[in-house]
Each structure stands twice: as structure tokens, then as C-alpha cells.
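Protein chains: 2
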Amino acid sequence: MAEVKNKQVVLKDYATGFPKESDMDIVEGTISLNLPEGSNEVLLPLTGYGVAKVLESGHPDYKKGDLVWGFTKWEEHSLVPSSQILFKIEHTDVPLSYYIGILGIPGMTAYAGFFEVGLPKKGDRVFVSAASGAVGQLVGQFAKFTGCYVVGSAGSKDKVDLLKNKLGFDDAFNYKEEPDLNAALKRYFPEGIDIYFENVGGKTLDAVLLNMRVHGRIVVCGMVSQYNLAQPDGVTNLANLIFKRIRIQGFGVADYYQLYPKFLEYVVPKIKEGKIVYVEDIVEGLEKAPPALIGLFSGRNVGKQVIVLARE
Amino acid sequence: MAEVKNKQVVLKDYATGFPKESDMDIVEGTISLNLPEGSNEVLLPLTGYGVAKVLESGHPDYKKGDLVWGFTKWEEHSLVPSSQILFKIEHTDVPLSYYIGILGIPGMTAYAGFFEVGLPKKGDRVFVSAASGAVGQLVGQFAKFTGCYVVGSAGSKDKVDLLKNKLGFDDAFNYKEEPDLNAALKRYFPEGIDIYFENVGGKTLDAVLLNMRVHGRIVVCGMVSQYNLAQPDGVTNLANLIFKRIRIQGFGVADYYQLYPKFLEYVVPKIKEGKIVYVEDIVEGLEKAPPALIGLFSGRNVGKQVIVLARE
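Here the protein sequences line up with chains A and B, keeping their order. So in the UniProt record's numbering, spot 186 of the first sequence is number 186, and the numbers just go up one at a time. So in the UniProt record's numbering, spot 43 of the second sequence is number 43, and the numbers just go up one at a time.
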């Protein structure tokens with residue numbers, strides 16, 4: 001039991017532009033299940049990306065058998081240095097995959113971004129891009145709980161239907177069918193947008209800037225359309241920041257981890273009472289991880305992308 | 001005394017692109033110095049753009065002979081509706097022109113923008129564009145009072161000398177002599193920028209985004225290089241907002257008028273003790289107003305542009 005096989009996803013080369021499946025390889029090595037002498041590290045076999053069970057621990061906060069979540073490597077077993085933050089899973093009466101979704105980073109991101117950065121008020125008009133994604137679908141539901149009007153954009157008819165019929169958005173549209181995004185936003189927000197929850201960047205941001213209201217807030221969670229472009233789109237309407245006294249704020253969820261208990265108080269009862277919906281796109285096996293990653297950039301996934309390596 | 005001649009600057013046509021002198025006309029009409037019956041308006045002859053003496057008043061807060069400042073029309077005498085905010089001048093032992101500069105909108109703009117929006121801390125690295133202008137020159141001095149490192153950019157050797165030798169900036173450069181603004185900023189800010197006080201927009205903003213530090217703040221006061229372009233420059237580096245968790249905030253001084261007494265407490269003693277410098281570019285006569293306006297867009301003025309119509 002000293003060594004076990006350990007499958008990993010590795011990057012073959014530095015990838016330029018959007019990643020391709022051929023940039024990645026699945027390799028099978030071995031890993032020792034015995035901790036180095038005197039170690040305070042934690043040894044994990046992954047049961048999913050970020051949700052795992054502790055096999056051995058030299059760290060006082062974690063003991064063998066604990067379920068934890070956190071950012072880990074793409075491999076079946078991981079040795080986690082003590083400096084890395086892991087969250088212990090207390091509520092086990094929800095699907096464990098929720099800890100990489102609604103109860104994990106995407107959930108905290110939606111919560112911190114919408115409430116702490118967006119500072120919503122009842123009646124605010126909220127626009128969410130990539131609205132059916134891991135984060136967006138929650139922002140829309142949080143906006144409805146707050147008494148806001150919320151419209152989402154997504155990239156397929158199925159996703160738009162999901163937003164309108166299952167996730168409770170007031171309205172939704174397929175951005176791929178809108179040759180003039182400015183006109184589309186004017187249709188859905190004749191009085192303008194108070195909060196834009198930004199997941200995509202580029203042309204969408206440029207159109208949004210033309211439609212913000214005075215003192216509007218743009219919460220920058222991601223700019224997924226821009227990350228891998230050699231030459232990102234030019235955003236030309238930034239002078240509206242002055243005309244409308246707009247705040248644009250980039251944020252990282254790591255700055256808000258201290259709110260995690262407060263977040264759980266907010267969201268766990270809503271899950272148990274069935275008041276909140278979380279859509280996952282689940283595939284089985286580490287081999288499926290590379291194509292699933294590629295799919296994120298083209299919008300192939302519907303909801304939070306989950307890779308299952310093992311079940312509890 | 002019922003009617004007096006009243007010279008005005010009028011716009012002949014809707015101006016497209018950068019304004020030209022030929023877009024404006026000087027006309028001479030008349031204005032009644034008697035208030036309409038029962039009026040609570042205030043009748044003003046201007047002694048400068050925004051600094052004026054009350055000739056007649058139906059408003060309880062202002063009486064004949066009061067000196068006031070505020071936004072007025074480009075004319076020698078003005079009838080000011082009661083709804084418009086005027087500030088009464090209490091300190092008359094400073095140049096009255098200061099009330100359209102360091103003690104007026106530019107001063108309040110620098111104060112609110114730097115302190116309230118920028119949230120500076122001692123040791124912060126501050127970059128100011130259009131740094132010798134009406135607002136920029138004060139931001140730089142406020143930054144030094146706060147214990148920050150501050151570098152300004154401007155468009156001529158004279159302005160750069162002014163920043164370094166008279167206004168107390170730690171360093172300054174002529175952006176027209178920097179073909180690579182990103183490289184220039186890396187030279188002046190090897191550890192990055194905490195606060196960028198934005199007056200120009202476009203390419204400068206794009207280069208700044210590459211050089212911001214984590215949790216940096218971009219205070220958007222103006223984007224003078226962009227206002228009159230049919231096609232504004234595209235800003236391509238906005239993904240840095242996420243990577244560095246940056247806040248960009250447009251603001252308008254009107255949201256901060258309640259801080260005016262606090263601002264005077266901060267700045268008036270510094271003026272009287274000679275600790276602060278304010279550079280003005282003064283021309284005489286309303287006829288000089290149109291070319292002075294044009295000059296602002298090409299950076300012809302040095303310091304706050306003042307038009308003198310009459311002296312006290």
C-alpha cells in the first residue's frame with residue numbers, strides 16, 4: 001500500500017491561443033500513500049475536481065476519512081502542501097459535487113461578486129452574461145431573491161430555455177442570434193442596466209457600456225471570450241464610465257473566503273427547501289477532462305462542468 | 001439701468017469631432033437687470049467663468065454684493081434660476097480666480113477623486129495623466145501630502161519641468177516622446193501602479209492596465225483624448241481587471257458637494273502657508289474664450305485655463 005497508480009492530466013507544451021485536446025496528455029504514474037516523515041501535508045485521492053477524501057494527514061485540521069474541497073491537481077491522488085487552503089465538508093446531505101459548484105468556488109464567486117461587489121438593491125435591473133454557467137445561473141437566482149429584474153445571455157436555444165423556464169430569469173436571449181447587441185440590450189433594458197455581471201468581456205462589455213444607468217456597477221468575474229486571443233477586442237465605449245459615474249470592478253473570490261460561513265447560511269437552507277436550482281454537466285473519467293475543458297471555451301457545456309473520478 | 005449690453009459666446013451649429021473656433025460666435029445682446037416680479041432667481045454679472053458678483057437677488061441665501069462661484073453661462077451677465085447651486089465665497093483673501101480652480105470644481109474634483117474614489121494609503125504609487133492641468137496638478141500635490149510616490153505625464157517639456165520643479169512630482173515624462181507607453185510606465189513604476197488618476201483615456205489607459213498592481217484603483221476623472229473621436233481607441237487590456245482585482249471608477253464631482261467644507265479645511269490653510277502651488281493660464285476678454293477652449297483639447301494651455309471678463 002506504499003505506492004498506488006496515479007493517473008494525471010498533463011500539459012505537453014505551452015499552449016498558445018485557445019487550448020486544444022492535443023495540448024494535453026493523460027499519463028499514469030505512481031504516488032506514495034505514506035507521508036514523508038514528520039510531514040504536515042495531507043494526502044488525497046480525488047473523487048472529483050476539488051472534492052476529495054483524506055487518506056492520510058499530518059495536518060491537525062484534517063483527519064483520515066474527512067471529506068474536503070479545494071483546488072487540487074487533475075490527478076487521482078494528490079499530496080497537498082499544508083500552506084494550501086482546504087475546506088472541510090460539514091453538510092453531507094447534498095450531492096458532494098455541489099462543493100465544486102453551488103457550495104464551492106462558483107457559489108462563493110456568485111455570492112461575493114453579486115452582493116459584495118455589485119451591492120444590489122431591490123428593483124435593480126441586472127444583466128448576466130454566460131448566464132447558464134457555473135456562476136451565472138446563481139447570480140440570476142440571487143438577483144431574484146433580492147427583488148431585482150434579471151436578464152441573462154447565453155449561446156444556445158437550450159440554454160436560453162433553461163434560464164427562462166428552470167432558473168427563474170425574467171428574460172434571456174441567445175447572443176449568437178443578436179447581430180446588434182446594443183439593440184438587444186435596449187430591448188430588454190429600456191431604462192438601462194444597474195448591475196452587469198461580466199463573464200465574457202469584449203463586444204458584450206462594449207454594448208453594455210452604452211446601456212448602463214447612472215451609478216451602475218459592472219462586476220468583472222471573467223472575460224472568457226478574451227483570455228486566449230492574441231489580440232483582444234478593443235473596448236471603445238469607456239467614456240461612459242464618466243458620463244454615468246460607473247464602477248467596474250474586477251474581483252477574485254480568494255479575497256472573500258472569510259464570508260464562506262455566512263454564504264453557507266444563506267444558500268444551504270435554500271438548497272434544502274428546493275428554492276434554488278443548480279444545473280450540472282457531469283461526465284465520467286479523468287480522460288474526459290481535456291475535451292470538457294475545451295468545451296468551456298466554445299460553450300459546449302450546459303451548467304457547471306463536473307468530471308467524476310470516483311463516487312463516495 | 002433696466003437693460004445692459006450682454007456679450008455671449010454661442011454655438012453656431014452642433015459641432016462634430018473636436019470643436020473649432022468657427023463653431024462659435026460672440027454675440028452682443030441685452031439683459032434686464034431687474035428681476036421678474038416675485039422672482040427668487042439671482043442676477044449675476046460674471047467676473048470670470050464661474051466667479052461672479054450678485055447684482056440682484058430674490059433668493060434668501062444670496063444678497064446684492066455677494067461673491068459667488070458656480071457653473072454659469074459664457075456671458076457677461078446671467079440670470080440664474082433658483083434651482084441651480086451657487087457657492088458663496090467666504091475667504092476673499094485669496095485670488096478670486098482660485099474659486100474656479102483650486103477652490104472650485106477642479107479642486108473639489110481632485111480632492112473627491114483622489115481621496116474618496118482613489119482611497120490612497122501612504123506609500124502608494126500614483127500615476128497622473130494630464131498632470132499639469134487644472135485637476136492633475138492638485139492630485140499630484142495631494143498625493144505627496146499623503147506620503148505617496150507620484151509620477152505625472154504631460155505633453156510638453158515645459159509642462160514636465162513644471163511638474164518636477166514647481167509642483168513637487170517625484171518624476172514626470174512627456175508622453176509625446178514615448179513611442180512605447182508601456183515601457184515608459186515600467187521604467188517609472190518598476191513595482192507597478194496602485195492608483196491611476198485618469199484624465200485622458202485611450203492608449204494611456206491601455207498601457208496603464210498592463211502596469212497596475214493587485215487591488216489597484218483607476219479613478220476616471222476624464223478621457224479628454226477620446227470625447228470627440230468618431231471612433232474612440234479600443235482598450236484591449238481589460239482582462240487585467242480580473243488578474244489584478246482592479247477597480248475602475250468613473251465619478252462626478254456633483255456627487256461630493258457635501259464635502260466642500262471639509263475640503264476647504266484641508267486646502268485653505270495649505271494655500272495660506274504657501275505649501276500648495278496652483279498654476280493658472282490667464283487670458284483677458286470673452287473673445288478669448290473660444291480659442292482657449294480649443295486649446296484645451298490640443299494641450300496648448302499650461303495649468304488651469306482662466307478667462308478674465310472683469311476684475312473686482
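Just so you know, these hints were derived from the structure itself, not from any lab. Mixed in with the good hints there might be a few duds.
Here are the computed lysine to aspartate or glutamate pairs in the EDC-like style, where the Cα-Cα straight-line distance is at most 16 Å [unchecked claim]: (1) K203(B) - D170(B); (2) K144(A) - D171(A); (3) K262(B) - E116(B); (4) K203(B) - E177(A); (5) K176(A) - D161(A); (6) K244(B) - E41(A); (7) K157(B) - E177(B); (8) K244(A) - D255(B); (9) K88(B) - E116(B); (10) K63(A) - E41(A); (11) K203(A) - D61(B); (12) K262(A) - E90(A).
Below, a sample of chain B positions facing chain A; criterion: calculated Cβ distance under 8 Å [to be verified]: (13) M223; (14) Y227; (15) N228; (16) A230; (17) L238; (18) R245; (19) I246; (20) G252; (21) V253.
Quick reminder that beta carbons are idealized off the backbone N, C-alpha and C, glycines included.
Here is how each hint holds up against the structure:
1. Between the alpha carbons of K203(B) and D170(B) the distance comes to roughly 23 Å, so the proposed pair goes past 16 Å and is violated.
2. Restraint check for K144(A) and D171(A): the C-alpha separation of about 12 Å stays at or below 16 Å, so the hint holds.
3. The suggested pairing of K262(B) with E116(B) holds, with an alpha-carbon distance near 12 Å, which does not exceed 16 Å.
4. Between the alpha carbons of K203(B) and E177(A) the distance comes to roughly 32 Å, so the proposed pair goes past 16 Å and is violated.
5. Annotation: proposed proximity of K176(A) to D161(A) holds, straight-line Cα distance about 15 Å (limit 16 Å).
6. For the hint linking K244(B) to E41(A), the alpha-carbon distance of about 29 Å lies beyond 16 Å, and the restraint is violated.
7. For the hint pairing K157(B) with E177(B), the CA-to-CA distance comes to about 10 Å; that is within 16 Å, so the pair holds.
8. Only pairs whose Cα atoms come within 16 Å are accepted, and K244(A) paired with D255(B) is accepted, the gap being roughly 12 Å.
9. With a CA separation close to 24 Å, the supplied pair K88(B) and E116(B) exceeds the 16 Å bound.
10. With a C-alpha separation of about 11 Å, the suggested pairing of K63(A) with E41(A) holds against the 16 Å cut-off.
11. Taken as a hint, the K203(A) and D61(B) pair is broken in the structure, with Cα atoms around 50 Å apart against an allowance of 16 Å.
12. Proposed proximity of K262(A) and E90(A) is supported: the alpha carbons are some 14 Å apart, at most 16 Å.
13. Checking M223(B) against chain A: minimum C-beta separation of about 5 Å stays under 8 Å; hint holds.
14. The closest approach between the C-beta of Y227(B) and any C-beta of chain A is roughly 6 Å, which is under the 8 Å cut-off, so the hint is satisfied.
15. At about 10 Å, the closest approach between the beta carbon of N228(B) and any beta carbon in chain A exceeds 8 Å, and the interface hint on this residue is violated.
16. Given hint, A230(B) at the interface with chain A, is violated; its Cβ is 11 Å from that chain's nearest Cβ, farther than 8 Å.
17. Contact between L238(B) and chain A, as hinted, is supported at the beta carbon level, the nearest pair being about 6 Å apart and thus within 8 Å.
18. Hint status for R245(B) relative to chain A: holds, with the closest Cβ pair at about 5 Å, below 8 Å.
19. Contact between I246(B) and chain A, as hinted, is supported at the beta carbon level, the nearest pair being about 5 Å apart and thus within 8 Å.
20. Hint on G252(B) holds. Least Cβ distance to chain A is approximately 5 Å, under the 8 Å limit.
21. For V253(B), the suggested interface contact is broken, since its CB lies about 10 Å from the closest CB of chain A, more than 8 Å.
Of the numbered hints given earlier, the model fails hints 1, 4, 6, 9, 11, 15, 16 and 21; all others are met.
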